[in-house]
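Sequence lines, in order, name chains R and V.
If you want the numbering used here, it's the position in the first sequence, counting the first as 1, plus 14.
If you want the numbering used here, it's the position in the second sequence, counting the first as 1, plus 287.
Just so you know, these hints were derived from the structure itself, not from any lab.
Take the hints with a grain of salt, since some may be wrong.
What the hints assert, rightly or not - Now the in silico label distances, taken between C-beta atoms and shown as ranges:
(1) ALA31/R x PHE396/V: 22 to 28 Å
(2) GLU415/V x ILE316/R: 56 to 62 Å
(3) GLU412/V x LEU331/R: 42 to 48 Å
(4) GLY372/V x THR161/R: 31 to 37 Å
(5) ALA131/R x LEU393/V: 37 to 43 Å
(6) HIS532/V x LEU252/R: 53 to 59 Å
(7) SER417/V x ALA221/R: 36 to 42 Å
(8) GLY358/V x PHE50/R: 54 to 60 Å
(9) SER154/R x ASP545/V: 41 to 47 Å
(10) SER154/R x ALA475/V: 34 to 40 Å
For each residue, glycine too, the CB sits at the ideal point set by N, CA and C.
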Amino acid sequence: MSFARDRSRALIPLLAATAILASAASLLFGPAQLSFAAIVDAFCGHGDPIVRDIILQLRLPRMALALLVGAMLGAGGAALQGYLRNPLAEPGVLGVSGMASLGAIVAIYWKLAESHAWLLPLFAIFGALVALAPLVALSSRSESPLTLILAGVALATLSGAGISLALNLAPNPFAAMEITTWLLGSLEDRTVHDVWIALPCIAVGLALMLWDGKALDALTLGEDSARALGADLRRVRLRLLAGIAIGVGGAVAVSGSIGFVGLIVPHLVRPLTDRSPSALLVPSALAGAVMLVAADLAVRLIPTAAPLKLGVLTAFLGVPIFVRHLLKERRLW
Amino acid sequence: MVTLAAEKLSVTLGGRLILDEIDLVLEPGRLIGLIGPNGAGKSTLARALLGLLPPGDGRVLIDGRDARELGPKGIAQRVAYLPQGQDIHWPISVERLVGLGRLPHLAPFSRLGRADRAAVRSVLEETETSHLAHRTATELSGGERARVMLARALATGAPGLVADEPLASLDPGHQIDVMALLAARARAGALVVAVLHDLSIAARYCDALVLLDQGRVRVAGRVEEVLTDQVLAGVYGVTAWRAEHDGASLIVPIAKAD
């Protein structure tokens with residue numbers, strides 16, 4: 015008897031290599047035509063200073079953020095799906111990203127983030143927690159995936175309304191113009207400063223989420239069975255809540271709420287693994303990173319009058335997958 | 288070897304008293320049938336014995352130690368649990384599903400090793416489900432699923448097993464297979480507690496019976512002490528036809544008792 019794991023073993027290096035290629039492409043292509051040699055020069059500290067600034071101050075932070083945010087959203091989707099036993103669960107769909115956005119907006123437009131830099135991610139993390147707490151409480155009371163999605167719809171709608179309200183009331187007169195950035199997500203004009211906000215949050219978030227792969231596997235059979243298999247679900251729940259809130263909070267604080275990445279990525283990766291929740295975590299992080307770097311490259315290269323928002327692309331990819339799952343999940347109704 | 292005991296165990300769920308001062312000692316090497324009418328508290332007792340419910344009062348002892356002290360992993364290594372009609376939430380393969388039974392033995396971040404795989408293979412053979420190993424668990428028939436779930440519980444290698452209706456959705460042939468398997472496990476020194484509804488099967492295979500009624504232990508002991516006409520009428524409200532065949536006793540409910 016062979017324990018089929020060979021495919022997932024090849025999957026991780028393959029995805030990592032793709033992520034490296036996508037990152038290189040992200041540095042190479044953009045509105046300014048740059049050569050590969052120019053990029054190498056910039057990293058080595060010589061070459062045209064303008065080119066160097068374009069690469070190190072504009073493209074590099076953007077690429078790094080796309081990698082980080084994508085990895086977090088991909089793994090966050092995989093972990094949430096495993097914990098909630100629901101292939102439709104995802105930070106965006108469940109309103110977690112939206113609530114984190116709302117937190118970030120309050121911090122930015124009421125000038126709180128100016129006094130202390132860490133207030134921005136902290137507010138976003140708090141927003142994410144506000145959404146996660148009722149979802150997790152609901153999930154242990156009802157095994158119905160539909161209840162959870164409906165609760166997510168309510169939270170997402172509430173956060174959307176809250177974001178509009180907050181930006182309309184904001185003391186900053188230009189705030190209202192940025193509604194789409196926060197609702198759909200964008201990595202335009204991000205700086206190294208943003209990377210330093212997102213990086214620690216996402217690192218902590220990913221570490222906490224990868225911790226509980228085995229408990230997520232055990233949850234395949236429901237909460238009672240998982241506990242009878244030795245999973246300490248109270249701790250699992252705490253770690254997962256904290257991991258997703260911190261990671262998604264940090265990601266959303268710099269990118270707005272980019273939807274559906276956590277839905278699309280596990281959906282695409284699952285058939286390439288043994289379909290257990292733990293096998294999905296690392297590949298989803300890598301594939302999420304690849305996907306967001308590629309999507310960000312696409313919005314830069316697709317010629318439109320105003321630059322496209324990232325969330326536009328991910329929604330066009332994600333909604334069909336969402337609907338497909340809904341139709342397949344007969345137990346939903 | 289493992290001993291399970293309940294001391295003045297009471298459980299209240301949703302404001303209702305489900306278990307009322309249960310006192311039980313379940314010794315290893317025996318197959319114990321947990322019987323009783325619907326709503327008697329059988330499943331609740333099964334879950335409480337595994338420490339899955341916070342006991343309102345009293346305590347559960349596993350090998351003489353309070354279940355709460357042992358913690359989830361300590362309990363999992365001693366007693367396996369086969370719940371009733373559980374969902375399989377992801378389309379994983381049968382061998383992967385049965386492999387979940389090895390989780391209590393795995394260190395964090397480690398994978399199934401050689402010994403774990405051997406254990407999985409051996410329980411697949413024991414439950415005659417080796418041919419299903421590569422099937423997708425969510426696509427099995429009810430009977431196949433029930434046997435695979437039993438394999439999953441046995442894969443833990445725990446000396447105790449609490450099985451909640453292990454015969455549900457099995458055909459007569461497979462019911463006999465499963466009961467023979469559980470009895471053989473008990474012969475080999477395991478403690479097996481099975482929630483059962485079929486009185487003939489309970490009478491034939493179990494070493495002892497515990498009859499629950501309205502959250503209390505009505506009678507516990509040897510089969511002939513428990514399944515008397517008086518008890519059947521009093522607890523189930525039925526009269527039964529009895530017979531012996533090749534040393535196996537048959538107890539078939541015939542009519543409602545007056």
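Going through the hints against the structure:
1. ALA31/R x PHE396/V: 22 to 28 Å: Distance hint for ALA31/R, PHE396/V holds at roughly 23 Å.
2. GLU415/V x ILE316/R: 56 to 62 Å: holds (58 Å)
3. GLU412/V x LEU331/R: 42 to 48 Å: holds (45 Å)
4. GLY372/V x THR161/R: 31 to 37 Å: The hinted range 31 to 37 Å is violated for GLY372/V and THR161/R, with Cβ atoms some 20 Å apart.
5. ALA131/R x LEU393/V: 37 to 43 Å: Holds - the Cβ-Cβ distance for ALA131/R and LEU393/V, about 41 Å, lies within 37 to 43 Å.
6. HIS532/V x LEU252/R: 53 to 59 Å: This hint holds: roughly 57 Å between Cβ atoms.
7. SER417/V x ALA221/R: 36 to 42 Å: holds (39 Å)
8. GLY358/V x PHE50/R: 54 to 60 Å: Hint holds: Cβ distance 56 Å, inside 54 to 60 Å.
9. SER154/R x ASP545/V: 41 to 47 Å: For ASP545/V against SER154/R, whose Cβ atoms are near 46 Å apart, the range 41 to 47 Å holds.
10. SER154/R x ALA475/V: 34 to 40 Å: holds (37 Å)
Comparing the model with each earlier hint shows a violation of hint 4 alone; every other hint is respected.
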